[in-house]
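In case you want the letters, here they are:
There are 4 protein chains.
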Amino acid sequence: MAAKAFAVVAGVGPGTGASIARKFAKAYPVVLLSRNPANYEPIAEEINSSGGAAFGISTDTSDSKSVQSAFEKIAQQFPDAPLAAAVFNSGGGLVRKPFLELTEEEFVRGYESQGKGGFNFAKATLPLLLRGTGLEHPPTLIFTGATASLKGSAYFSSFASGKFALRALSQSLAREFGPQGVHVSHVIMDGVIDIPRTKEYRFEHPDAKLNPDAIADTYWFLHTQPRTNFGYELDLRPYVEKW
Amino acid sequence: MAAKAFAVVAGVGPGTGASIARKFAKAYPVVLLSRNPANYEPIAEEINSSGGAAFGISTDTSDSKSVQSAFEKIAQQFPDAPLAAAVFNSGGGLVRKPFLELTEEEFVRGYESQGKGGFNFAKATLPLLLRGTGLEHPPTLIFTGATASLKGSAYFSSFASGKFALRALSQSLAREFGPQGVHVSHVIMDGVIDIPRTKEYRFEHPDAKLNPDAIADTYWFLHTQPRTNFGYELDLRPYVEKW
Amino acid sequence: MAAKAFAVVAGVGPGTGASIARKFAKAYPVVLLSRNPANYEPIAEEINSSGGAAFGISTDTSDSKSVQSAFEKIAQQFPDAPLAAAVFNSGGGLVRKPFLELTEEEFVRGYESQGKGGFNFAKATLPLLLRGTGLEHPPTLIFTGATASLKGSAYFSSFASGKFALRALSQSLAREFGPQGVHVSHVIMDGVIDIPRTKEYRFEHPDAKLNPDAIADTYWFLHTQPRTNFGYELDLRPYVEKW
Amino acid sequence: MAAKAFAVVAGVGPGTGASIARKFAKAYPVVLLSRNPANYEPIAEEINSSGGAAFGISTDTSDSKSVQSAFEKIAQQFPDAPLAAAVFNSGGGLVRKPFLELTEEEFVRGYESQGKGGFNFAKATLPLLLRGTGLEHPPTLIFTGATASLKGSAYFSSFASGKFALRALSQSLAREFGPQGVHVSHVIMDGVIDIPRTKEYRFEHPDAKLNPDAIADTYWFLHTQPRTNFGYELDLRPYVEKW
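Heads up: the sequence lines are chains A, B, C and D, in that order.
Anchor point for the first sequence: position 1 equals 1 in my numbering, and the numbering is continuous, going up by one each time.
Count along the second sequence from 1, then add 243; that gives the number in my numbering.
Count along the third sequence from 1, then add 486; that gives the number in my numbering.
Count along the fourth sequence from 1, then add 729; that gives the number in my numbering.
Just to be clear, a hint being listed does not mean it is correct.
Stated by the list, open to error - Below, computed lysine-lysine pairings styled on BS3-like, alpha-carbon distance capped at 25 angstroms:
no., chain 1, residue 1, chain 2, residue 2
1, B, K394, D, K971
2, B, K366, C, K637
3, C, K728, A, K242
4, D, K852, A, K65
5, C, K637, A, K242
6, B, K366, A, K242
7, C, K609, B, K394
8, A, K151, A, K97
9, D, K826, B, K485
10, B, K366, C, K583
11, A, K151, B, K394
12, D, K938, B, K394
13, D, K880, A, K151
14, C, K637, B, K394
15, B, K316, A, K123
16, A, K97, D, K852
17, A, K151, C, K637
18, C, K728, A, K97
19, B, K485, D, K880
20, C, K728, D, K852
21, A, K26, A, K73
22, D, K880, B, K394
23, B, K340, C, K609
24, A, K209, C, K637
25, B, K269, B, K316
26, C, K551, B, K340
27, D, K880, A, K123
28, C, K559, C, K609
29, A, K151, C, K695
30, A, K242, C, K583
31, A, K97, D, K794
32, C, K583, B, K308
33, C, K609, D, K971
34, A, K242, A, K151
35, D, K826, A, K123
36, D, K852, A, K151
37, A, K151, C, K559
38, D, K971, B, K485
39, D, K880, C, K637
40, B, K340, D, K971
It is worth saying that the hints were derived from the structure and are not from the lab.
The following block holds chain A by itself, in its conformation from the complex (with noise of 0.2 angstroms):
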C-alpha cells in the first residue's frame, strides 16, 4: 500500500501558520515546525481533537542541523511518504533601524531567516514532493512574501534582502522543479495581517487586515491547480490597502 501523502507548514504561530495547517489538515496529517514549542502545540492539540493529525517538531530553519534533525523524525513518522505540500511561512528576521546603527549580527538576520531557512525547507521538502507527482493535486512548495519581497524601504535593508533572496530562491526553483512536476509559488502578504501580534494595530477602515484564514484558503487552492496551469506569484492585500 502506498503511503498516506502528508503536508509541512513551517512557521507555525498562533496567526498565518496555524490557519494554513488548520485548512491542510483537513486533507493531510500536518506537521508543523516552529523553534518555539508553545508555537504549534495548541494548534496541534485542536487538529488532533477535531479529527484531523498533526504534530509538531521544535525546528529552526535557519539552522541546517535543526531542519535536518527535524525531517529525520518525519521520515520515522511517515516513511517513504509524499509530500503533497511543504508551505514556508516563517517570520522573523524583521529589523527596522537606520541603516548605520544595524549591527552585521541584525542585518543578516533578515537573511538567515527568510534566505538560508528558505534553502534549508527547499532542501529538505523537495525530494519528499518529487515523491508525490502521482497525487491528486500537484506537490505544491508555497514561500510566504511580503511588501519587502519587491520593495527595499528606507530602514528595512535586513528584512528586504532577505525577502528579496527568498523571492529569488522560489523563482529559481520553480524553473527547476515546475517541469518535473512541483508547484513553487510566492504569494506576497502587502498588509498587516490580522493575528494577536497585531492586535494594537487600529486602522480608520473595517476589514483593513489580511484574514489569515482567507490567506490559508489562497494556499489551499494554488495547491489544487493542475499542473497545465501552475500560479507562480500572487499579491494578495485589504481593500483599504494603499500601493
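The hints should help you fit chains B, C and D onto chain A, whose structure is shown.
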C-alpha cells in the same frame, strides 16, 4: 425584493471565455459578449439547457456605442440588478510583424482591442459592480493579461502596447475601486491556452497548454476572496513553460 | 560626400525638449517638432544665433499624416542623411480624473499622445536611424517615460495606459533594432521637472525638481554609449523624492 | 585646508574593477580592495606610474573584520577626507548547480559575497560619503548588479538570492541616503563582460560582450549627475543580447 445578481463575460469564444461563462453560470445568470454571435450561441444554449441562464449580445468592446447599446439591453433584462462579476477576456489585436511593415491601423489594433476595449467594459460595468458590494462575494472585475502584459518582444509592439495599457488600466482601477469594495484583478496567461484555435500547436511534453477550465477555476476563486484579501495579479503557466 | 548626420526632437517646449535640443545642437543640426510653433521658435532662434543649426516643424505626432508631412520636409532639408539621434519627448495626454467621470475621448488621449505618438515617431525615424550605424555614436532613439510608465495610480488610467503602451513599444523596438545597431532607450522621470509650467510647485527642500539640462546630459550620455554597452532603462529622480 | 576627496573600488580584478579604478583615478586618489593582492597590484602600479594615485588593500568584503581593518588603513591614509565615490563590484559567489546538489555552504556563498559583502562595504563607506555632500559631484555609492538581480533562473538560486539581496540593500540605501545627498545607484550587467576570464566565450556577432571601459564611463557619468537628477537603476547590455 432585491434584484438578482448576474455576471458578464466579454470575449466569449469556444475557449477561455466559454469556460469562464460555464463556471460563473453555476452561481449567476451570465451575459455573454462577443462580436460574432456564432461565438456565444453554442455556450448560451449549453448553459440554458443544463439548468443555468445565459444570453449573448453581439458587442464590439472596442466601440463605445456598441458597448453602450449592449448595456442598455442588459439594463432591460436585469433592471437595478447588481453585477457580481465582470470578466474582460477579449482576445484580438494580436499582430506579429517587423515594425517597419506595421501599418498605423495594425499598431493601433492592439490598443483598440485591449486598452480601449478594457476601458469601455470597465466604464459600463463598474457602476453595476458598485451596486454589488453587499453580495456574498465582493463584486469582481477581472482582466485577462498575457506574456505581452509584462514584456514587449520584438515584432509584438502592437499587442504588447495594448496589453501594457490594459494592465495600467487595471492597476488604476484596483487602486480607485478597491477601497470602494470592488475587487479588481489582472491574471497573466504565460503560455498557450488549449483551445480549438491552438489545436495544431504541438509540444514535446503532455499538458503543455493552459487548461481553460482551470483558468475559470482561478477566476472563480479570485471572485470568492473576501475584501480583506483581494488578490491583484497572478501569473499562470503550464509546468513545462520556459520563463 | 556623405550627408551630414542630424537629430530630431519631438515635444519641444520651453522645458525638457528645449534642453535636449540645445544639448544635441552642439553636435548636430537639430529638427524641432511641436504642435505649436511658439514652442520651438525661440529655441530654434537661440540655437541658430549661437553657432548651431536648428529649425522647427509644426507637427502633431499623434497624427500620422502630420508626421509624414514633417518628415517629407526633413527629407528635403537633409536628403539621404543619417539620423544620429531621435528623442520622443511629447508631453500631453495627462488627464487626472475619477474613472467614472472620464470620457472615452479623455481616456484615449493618453494613448494618442504617447502610444500612437511614439509609434508615428518611431516609424518615421527608424529608417533614418538605420542609415546612421556607421556614425561615431550608434544612432539612438530615446523615449521619455514617467512615474506612470511603471505604476497605474488611481485617477491616472488615461496617462498611465499611454505611458505603459509607450514603454511596451520601446522594449519591442529595443529588442528588434538593437541587433541592427540602433540604441533604443527609455528614461523614466520620477519627479516634477523644473520647467516654466511647474514654477508654482513649491517643495520643502531645495533642488526638489528634476533639472531639464541634466536630463539632456543623460540623454546625450546614453547616445554616446557604444553598441557593446547599450543602456536601456534608467529612472531619474530628485534626491528628496519619495519612491 | 580641507582633506582631499578620494574613491574606493571593491572587487578590483583585471576586468571591470580595473576599468572603474582607472576612470575614477583621473579625478581622485583611488583605493583598490580585493582579496588577492595579485588582482590590484598591476592596476595600482599602472595608475601610479601614469600620474594618478592608487593603492590596494587585501580585503574580503564578506568579512566585516577584514573590511573594518581596511578602512582603518584608509582612515590613516586619508584622515577626515570625504569619500567622493564608492563602487561595490565584488564578483564571486557564482555557483551553477542543480538545487538538490547544492550544499548549504554553496547556497550561502552568493549571499556572503553579494548581500553581506554589500552591507559591509556600505556600512564602512556611507559615513565617509556623507562627508562629501559639498563636493563638486554628489558623493556616489554604486552597486554592480547582474541579470540574476532581476531573475532567479534554474540552477542559479545561490547567486540570484545574493544579487536580489544586494538590490534590496541598494534600494533601501537609495531611499534613506538620497535625501541626505548621497547618490546610490544599481547598474545591471545583462550580458557577458569582456574580461580575461571570458576570453574563451565566443559569439556569432562582433562586439557581443560588455566593454569594461564603457561600464566605467557609465559609472562615472552617474557620479557626475547633480542631486536634482539622481539615476537609480540602469541596465546595460550588448546590442545583440537576447532579453
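Outcome of the hint check:
no.: 1; hint: B:K394 x D:K971; verdict: holds, 13 angstroms
no.: 2; hint: B:K366 x C:K637; verdict: holds, 20 angstroms
no.: 3; hint: C:K728 x A:K242; verdict: holds, 15 angstroms
no.: 4; hint: D:K852 x A:K65; verdict: violated, 31 angstroms
no.: 5; hint: C:K637 x A:K242; verdict: holds, 13 angstroms
no.: 6; hint: B:K366 x A:K242; verdict: holds, 23 angstroms
no.: 7; hint: C:K609 x B:K394; verdict: holds, 20 angstroms
no.: 8; hint: A:K151 x A:K97; verdict: holds, 16 angstroms
no.: 9; hint: D:K826 x B:K485; verdict: holds, 18 angstroms
no.: 10; hint: B:K366 x C:K583; verdict: holds, 13 angstroms
no.: 11; hint: A:K151 x B:K394; verdict: holds, 20 angstroms
no.: 12; hint: D:K938 x B:K394; verdict: holds, 23 angstroms
no.: 13; hint: D:K880 x A:K151; verdict: holds, 15 angstroms
no.: 14; hint: C:K637 x B:K394; verdict: holds, 15 angstroms
no.: 15; hint: B:K316 x A:K123; verdict: violated, 58 angstroms
no.: 16; hint: A:K97 x D:K852; verdict: holds, 13 angstroms
no.: 17; hint: A:K151 x C:K637; verdict: holds, 14 angstroms
no.: 18; hint: C:K728 x A:K97; verdict: holds, 18 angstroms
no.: 19; hint: B:K485 x D:K880; verdict: holds, 13 angstroms
no.: 20; hint: C:K728 x D:K852; verdict: holds, 23 angstroms
no.: 21; hint: A:K26 x A:K73; verdict: holds, 22 angstroms
no.: 22; hint: D:K880 x B:K394; verdict: holds, 14 angstroms
no.: 23; hint: B:K340 x C:K609; verdict: holds, 13 angstroms
no.: 24; hint: A:K209 x C:K637; verdict: holds, 23 angstroms
no.: 25; hint: B:K269 x B:K316; verdict: holds, 22 angstroms
no.: 26; hint: C:K551 x B:K340; verdict: holds, 22 angstroms
no.: 27; hint: D:K880 x A:K123; verdict: holds, 20 angstroms
no.: 28; hint: C:K559 x C:K609; verdict: holds, 16 angstroms
no.: 29; hint: A:K151 x C:K695; verdict: holds, 23 angstroms
no.: 30; hint: A:K242 x C:K583; verdict: holds, 18 angstroms
no.: 31; hint: A:K97 x D:K794; verdict: holds, 22 angstroms
no.: 32; hint: C:K583 x B:K308; verdict: holds, 22 angstroms
no.: 33; hint: C:K609 x D:K971; verdict: holds, 23 angstroms
no.: 34; hint: A:K242 x A:K151; verdict: holds, 14 angstroms
no.: 35; hint: D:K826 x A:K123; verdict: holds, 13 angstroms
no.: 36; hint: D:K852 x A:K151; verdict: holds, 20 angstroms
no.: 37; hint: A:K151 x C:K559; verdict: violated, 48 angstroms
no.: 38; hint: D:K971 x B:K485; verdict: holds, 15 angstroms
no.: 39; hint: D:K880 x C:K637; verdict: holds, 20 angstroms
no.: 40; hint: B:K340 x D:K971; verdict: holds, 18 angstroms
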